[in-house]
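Chains as they are written, first to last, in the working numbering: chain S, 6 to 172; chain B, 817 to 1336; chain R, 351 to 425; chain C, 9 to 350.
Think of the hints as simulated: they come from the structure by calculation, not from any bench.
Note that this is a predicted model, so its numbers are computed, not measured.
Beta carbons: idealized from backbone N, C-alpha and C, even for Gly.
There's no promise every hint is true.
Said to hold, decoys possible - What follows is a list of derived Cβ distance ranges for each label pair: (1) B:L1229 - R:E402: 34 to 40 Å; (2) C:Y254 - S:G120: 25 to 31 Å; (3) B:E1055 - S:T148: 29 to 35 Å; (4) S:A136 - C:V202: 47 to 53 Å; (5) R:E356 - B:R903: 19 to 25 Å.
Stated by the list, open to error - If you only want the chain C side, here are some residues facing chain B, beta carbon under 7 Å, derived: (6) Q13; (7) A16; (8) T155; (9) E157; (10) A161; (11) R169; (12) W174; (13) S175.
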Amino acid sequence: MKKFAALLLTVAALMGFSSCGEDNPGNGEAAAYSFSFDGVEMRPGDKAAPVLEALAGHSPQSSVKASCLSGLSGEDVTYVLPGFRIQTFRQQEGDADEQIRLIILSDDSVATPEGVAIGAEAQAVKDTYGAPSEETEFRLAYTRGSMRLVFGLREGKVTNISYEVLE
Amino acid sequence: MQFNSIPFLLLLTAALVLYYCLPLRRRWYVLLGASYLYYLAAGAEYLVFILYTTAVSYLTGLWLGRRAMRDATALAAAGELPREERRARQAKDRRARFRILVGGLVLGFGMLAVLKYTGFVLSGVQAFVPTLRIPELLLPLGISFYTFQSMGYLIDVYRGKAQPERNPFRFALFVSYFPQILQGPISRFGDLEPQLFGEHRFQGERFRAGLARVVWGYFKKMVVADTAMIAVRTLVEQELTGAYVVLLILLYSAVIYGDFTGGIDITIGVSELFGVRLKENFDRPFASRSVKEYWRRWHITMGTWFTDYVFYPLSVCGPMQRLSKWSRAHLGAALGKRLPVYIATIVTWFLTGLWHGAGWNFIVWGLLNCLCIQVSQELQPLWRRWQAAAPRLCASRIWGCWQALRTFLLMGLIRSLDCYRNVPLTFRLWGSILTDFNWGQMLGDLTGLGLTPADWGVLAAGVLVQFAASLLGKREPLRERLSRRPVLLCACLTLGVIVILLFGSYGIGYDAGDFIYGQF
Amino acid sequence: MEKLYEILKSLHPDVDFTAEEDLIGKGILDSFDIVTLITEINSAYDVSIPAEEILPENFRSAAAIHALITRLDEA
Amino acid sequence: MKRKQWIACLCILLCGGVLLWFAQLLLVPKYMSGNREGAMTAEYYGDGSTHDVLFLGDCEVYECYTPPTLWAEYGITSYIRGTPQQLVWHSYYLLEETLRYETPRAVVFNVYAMRYGEPQNEAYNRVLLDGMRFSDVKLRAVLASMTEEESLASYLFPLLRYHSRWSELEAADLQYLFHRDSVTHNGYLMQTAVVPKELDIEGEPLSDPTLPEICFAYLDRMRELCEEKGIQLILVKAPTNFWGYYWYDEWEEQMVSYAGEHGLPYYNFIPLADEIGLDWSTDTYDGGAHLNVSGAEKLTSYFGAILRETFGLEDHRADAELSALWQEKCNAYEAEKNGGTS
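Extracted from the complex, chain S is given alone in its bound form:
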């Protein structure tokens, strides 16, 4: 009987501690990659409004891709900026929580904060960012938290760079 009581106590104690273990944050993920241009930092998954306001000076042109069925909610929008473009998703025009889905570097006039630009060697990318989480003949991908930095490759050279939101 004493053994039973002892067992009960230890189990209760263990559970007692579990309550404080409930909301300890997951071990810190390495910070997600972000792109910056003209002092404005942006990351896929962020709200689009503040970033677009900050970049208003470059008068981004926007283009909307409506879905085939007009009733379907949501549309993708692309904002073209010097050397790169931002693709977002929103419910409708002026939607407050329009979200950045994709940042695409289109030419070598811009580079990633870590200094890699279009035309760089695949090996240069690996030297800068280390082992990729996904490597194929056509691409190198570095996944961090809820986003992914992808380098498109043709004949070992970087042809496009994009920051993507993980679905």
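Guided by the hints, dock chains B, R and C onto chain S, whose structure is given.
Then chains B, R and C, alone, in the frame of chain S:
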């Protein structure tokens, strides 16, 4: 396989047709076949767990039965023995049988504990060992229910209240009977066995009553509970404070009532289609005037299970009797006689909470219920003096309604722990009811909770219909009266089906309404 | 029977147990009393009342309690 | 229960059934305004006449080819069985069903759908499958296209899917209870707006350029079905010029090699845009993603020439009965084009 899914209805129809075609004595084969088909649909990987529990309790039961037989014949063969020696031998045999019982219980409850509580306990250990990886354990369908039912069987066999079942297939049906596997009621072997294997000729009236009960269960579940659940989910996700918490209490009461009693109505109704009568699990619970009475009307079979197999044995077992003697000797008569019962009650409610879920909110939920019962028990003398002071008022209906309302709100408050599933957050939200009671804002924002005005209308109508049915059915449930008038019943059922199909919350856009108690 | 009356008297001195026929219904014996009663009876009569015998009809009156004790004694 | 009671019950059940059937007719979306695309599939059954050319595909088909122009300029009869984001297996089952009604001389399939290996949204399934008449083909189409959350029952009894529309009913739901108006011209959904194209940018980078295996499997089945019935299968890629519906070079290579391997004609109209005479400032209604009516006519007359010269489709304008029928269609087409009621 959900109750409100097409495959279930197909399985049920096929089983019914086959059931009434077979000769009377072989009809239970259909039930066994349907039960295992139903269980397989939930996932073949779960099968091994239910087979394990069935085997453990079947074999332990047989062993206990044989051992009891052997002890009795040995004792009789030994002829006349002095009282002392006979008593000692009986005690020795009983202890040996007790060890077999404990072996069976440990194996049975052990599996439940491992599958259900490892994650919970390990998350506690994780506070010390952060790198500990908690394995993802799958929780077999209805494990809490069929484990309790088979363990109850073992204790009944040990106590001699039930004869062990020799035929493994019959016993397998007792454990896995498909209507009640998902969320009970937790039946006793003595009650269910004669029903399952009795001779059930087709009786029109009982069949119609069962059908009416099934449709009524679907109505409560799909029209009321699932609609209210949409708003509850928004309230919980956004953790809205103040008057929203009161709204959540009211809505979640409608959800849990519609979902659980509706589910049990479907279970008992379906079982009645086969002529198998199951124990009632509810008796107009929201009419109860005290927490103690509430727990005699809500989830009755679980309450009696914990009382018969946990509370009483605990309060009269050896160590508790020694404690009772010691406490009465040292702490005086009043506290002395209360201590053992308090301890037994607290442990019982701790386990009841734990049974509901592997989480602190469930345990706190259990202990709070225990606290309410103990406090109202202690205030009994105070309450009698108040009753003596104003007898006419206390006997009046208004007072009765006030008590029922008070109990309803209190139980709703405690039950909201189920929704938030986080104890500190729940207490903070309870506090917010007093600090910022923003009922104006809440009333204005009703459509923002995911329900259109039309849905709110359906919800209100549904609750009113339930309230009316419960009032009309005070003396005799409506379905019994209706089952005696087939044409009227047919009209009601058709109308019911149409209402469910039109106003039910099901299909795309609503995630399939799985039963709250189905996840235990 | 005498020992039984003594035990009952020690619990509730003001109740006349010889005549009382509905101890449970009238709420004279509550759950605390029953547990204490069982402990006293077990030590006084050297029997052990199992949990499944805790039923209203066994504790309805002093006579019923006594019948329970004798039944357990012969078993 | 006595016989009289049985009869009463049966009557009640019958009334219940009729009521549910009526509720289903009432609650099913009518697609007469707003999303008119929903009414296109069912419209085919009302046409009744036979056609030499059958177009299959998504919006790059039902908004880029105009049957009345094909008839007016070349006397070729055609029908477009297109639906929004029609997947390859949708097209295959539509073809199989259409062959139960008629055997066209040529089937034109737009290859853009090859990029989708799985359904993108339940709405696209509903828009196509709800319109189809009940048949074993529809059953197989439903089973092949259903997403995770959908159920076969909700296609057999659409009431199970649209029951919650009871609180959003409009006048149209009552007006179009038993009939539907036609919203297209032999499957062509007219778009008269003009939104010039501005941005000339590429599509987003591709993570995996290879086209899904399942698409080629169903394309093979379509090819075999056409060979079996002696129908000429023609693969086309509509001239779109938009970052959102970008046609990648890797995809083009795979389609060219597939067409070459099976000896199928494949026309990619994107590079031919200038030859067709498309002007991206006037011929598109959404900035380059789709053609409007003027763009569609240009493409149709260009494609008509190919159909006549390369595939030798005859000119039926001499046939009195057909020309009377098509005259009506052309009048309706011109009326909508000039009337501007899009």
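Hint check:
1. B:L1229 - R:E402: 34 to 40 Å: Holds, since B:L1229 and R:E402 (Cβ atoms, about 36 Å apart) stay within the stated range.
2. C:Y254 - S:G120: 25 to 31 Å: 29 Å, holds
3. B:E1055 - S:T148: 29 to 35 Å: 31 Å, holds
4. S:A136 - C:V202: 47 to 53 Å: Holds: the Cβ-Cβ distance is about 52 Å, inside 47 to 53 Å.
5. R:E356 - B:R903: 19 to 25 Å: 23 Å, holds
6. Q13: 5 Å, holds
7. A16: 4 Å, holds
8. T155: Status violated, d = 9 Å.
9. E157: Because about 6 Å separates C:E157 from the closest Cβ in chain B, which is inside the 7 Å limit, the hint holds.
10. A161: 5 Å, holds
11. R169: 6 Å, holds
12. W174: 6 Å, holds
13. S175: Holds - the Cβ of C:S175 comes within 7 Å of chain B, reaching about 3 Å at its closest.
Checked against the numbered hints listed earlier, the structure breaks hint 8 alone; every other hint is satisfied.
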